[in-house]
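Peer 1: Based on these hints, arrange chain B on the given structure of chain A.
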Amino acid sequence: MTVLDVANVTFGYTEVDVLENVSLTLDDGEFLGLVGPNGSGKSTLLSIALGLRRPDSGTATLFGEPAHAFDDGHRIGFVGQGVASNDRSVPITVEEIVRLGRFPHAGFGRFGPADHEAVDRAMETTGVAELADRRIQSLSGGQRQRAFIARALAGEADLLALDEPTVGVDAESREEFYSLLNGLSADGVAILLIEHDIGVVTEHADTVACVNCTLHYHGDPGGFDADVLADAYGTAHQVVHHDHYPDHA
Amino acid sequence: MTGLLQAAVVDAATPAVLGVYREMLGFEFMQRALVAGLLVGILAPLVGSFLVHRRMAFIGDTLAHVAFAGVAAGLFARSALGYSQEFLPFLTALVVAALAAVLIQAMADYADVYNDVSMAIVLSGGFAIGTVLVSLSGGIAVSINQYLFGGVTRLSWTDVCVLAGLTVLVVGIVVASYKQLLYSTIDERAARVARMDVDRTNYLLVVLAALVIVGAMQVLGVILVAAMLVVPVAAAGQIAPTFRSSILIAILIAQLSTVSGITFSYTNDVAASGSMVLVAIGLYVIAVIFGRRFRIGQ
Numbered sequence: 001m002t003v004l005d006v007a008n009v010t011f012g013y014t015e016v017d018v019l020e021n022v023s024l025t026l027d028d029g030e031f032l033g034l035v036g037p038n039g040s041g042k043s044t045l046l047s048i049a050l051g052l053r054r055p056d057s058g059t060a061t062l063f064g065e066p067a068h069a070f071d072d073g074h075r076i077g078f079v080g081q082g083v084a085s086n087d088r089s090v091p092i093t094v095e096e097i098v099r100l101g102r103f104p105h106a107g108f109g110r111f112g113p114a115d116h117e118a119v120d121r122a123m124e125t126t127g128v129a130e131l132a133d134r135r136i137q138s139l140s141g142g143q144r145q146r147a148f149i150a151r152a153l154a155g156e157a158d159l160l161a162l163d164e165p166t167v168g169v170d171a172e173s174r175e176e177f178y179s180l181l182n183g184l185s186a187d188g189v190a191i192l193l194i195e196h197d198i199g200v201v202t203e204h205a206d207t208v209a210c211v212n213c214t215l216h217y218h219g220d221p222g223g224f225d226a227d228v229l230a231d232a233y234g235t236a237h238q239v240v241h242h243d244h245y246p247d248h249a
Numbered sequence: 001m002t003g004l005l006q007a008a009v010v011d012a013a014t015p016a017v018l019g020v021y022r023e024m025l026g027f028e029f030m031q032r033a034l035v036a037g038l039l040v041g042i043l044a045p046l047v048g049s050f051l052v053h054r055r056m057a058f059i060g061d062t063l064a065h066v067a068f069a070g071v072a073a074g075l076f077a078r079s080a081l082g083y084s085q086e087f088l089p090f091l092t093a094l095v096v097a098a099l100a101a102v103l104i105q106a107m108a109d110y111a112d113v114y115n116d117v118s119m120a121i122v123l124s125g126g127f128a129i130g131t132v133l134v135s136l137s138g139g140i141a142v143s144i145n146q147y148l149f150g151g152v153t154r155l156s157w158t159d160v161c162v163l164a165g166l167t168v169l170v171v172g173i174v175v176a177s178y179k180q181l182l183y184s185t186i187d188e189r190a191a192r193v194a195r196m197d198v199d200r201t202n203y204l205l206v207v208l209a210a211l212v213i214v215g216a217m218q219v220l221g222v223i224l225v226a227a228m229l230v231v232p233v234a235a236a237g238q239i240a241p242t243f244r245s246s247i248l249i250a251i252l253i254a255q256l257s258t259v260s261g262i263t264f265s266y267t268n269d270v271a272a273s274g275s276m277v278l279v280a281i282g283l284y285v286i287a288v289i290f291g292r293r294f295r296i297g298q
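Protein sequence lines correspond, in order, to chains A and B. The first sequence begins at 1 in my numbering and counts up by one. The second sequence begins at 1 in my numbering and counts up by one.
Treat the hints as calculated values from the structure; they're not laboratory data. The beta carbon of each residue, even a glycine, is placed where N, CA and C say it ideally should be. Hints may contain errors.
Restraint ranges, calculated between C-beta atoms of paired labels, are given here [said to hold, decoys possible]:
#1 B:A111 / A:H196: 24 to 32 Å
#2 B:G125 / A:Y13: 25 to 33 Å
#3 B:V285 / A:V16: 37 to 45 Å
#4 A:Q137 / B:V168: 28 to 36 Å
#5 B:S118 / A:S23: 35 to 43 Å
Partial chain B-side listing against chain A, Cβ under 8 Å, derived [stated by the list, open to error]:
#6 D187
#7 R192
#8 R195
#9 M196
#10 V198
#11 G237
Just a sample of chain A residues kept apart from chain B, beta carbon distances all over 12 Å, derived [as the list claims (entries may be wrong)]:
#12 A7
#13 S23
#14 H74
#15 R121
#16 E130
#17 A230
Looking at chain A on its own, in the form it has when it is part of the complex (with noise of 0.2 Å):
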């Protein structure tokens, strides 16, 4: 099944369009990583298929609905940037932020038992169930994302979105991150990830798009060669090698 499905979309915050006749889709289960350079019009991409913003041209829909229209907000997780940067002082536990997810579906109600068991396995499947009582910035990087993760969870989200949640994660929480989100994938989760690390996404992806205001690549990630790139992201532009993803550029 279409779980998201962009077509022909033309968009811009000026005269100056940001995103030009982009078309991509989602199926569920399908694990899709967006990639592009800084000022590409990912995120921009991102708040149109999620229904955050209307395109000047063409058409986003959600689950067959049109995405701005589509008020089933259980079913999209939503993890954006900055989530395991250290730079708020909010008096939250890691229970409480996961606890958020839930809300769309207790309304103005009380919450249920359903809604606690949600809570509770959603923060088992991310591993953060030890760390429930902890206030959200005392954690690490890496345990913050995977609180906002577990968030996402509770809703019983049938899609996630992510847009450069890994920034400030070492390493090794992130192949944790990555190998997490694989396991929801093949639980049937679709999965939309914006990351900045090309690396990263052709490894863990089925799926890679990379936009640059136009679609510039659609496909399999092994077809995400050297040409596509230059294309994409200009001639000057060096792929850097991770020592932690041996396999790929």
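Peer 2: Chain B alone, transformed into the frame defined by chain A:
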């Protein structure tokens, strides 16, 4: 400051202090002052908990100064135009502050961020209009002092009842909207993706802030009213284990500040509003030291 803290912490349990309370509460105006102070001590930290953690602490000051223009307009209408309605300054302050709150939120939506420059312009513009109206109407300087610096001992039972009604209304709205307020405070973009009504929640919060500011203004005054929205919340943030408990601890700190501040003001014949805020700041300092010492939340 030491004397204030003693009033707050140490002396509270001694028989001599009980005598002071017995004497103080023998006066009806002090009963009214304490009840009003305690109500403000519920209202201000409750709404402040959501403002401070959105980094909107400055909006309290802005709305208070704009509300001053509303008070001045009400006093001007009452004295210059001959309206005798006692509640006119309160009502005009309420309307002006609520409109300013909506305007500030609309500007934030337009610019995608709370802009401190536009807030500063609204703040000083509101206060400037207030001073012009005051000077135009001549002999209302005494009344304006109560709004500027607080006049907790001058409140009537009707004022206290209005404040009690406001407290019930605001507490009811916050309890009913707690999930929306919390989600959009912690992670606004994720709340939008989850289809929480973030825009309506944002407008609701700033209008609640306007209600609280105007309600608390007669107790604390324009200059100091925002402190009760910010200081107890900042103190609670240092020591609270959870967000929910941080609201209750902030209210507790505000209550302690109110009771000891008003008591200190009564026994030493000094300004009640200033005493309350100074105790709150003292408790904040203690909370910072305590929070670091015991590494709360680690």
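Peer 1: Please flag the earlier hints that this structure goes against, numbers listed from lowest up.
Peer 2: 3, 10, 14
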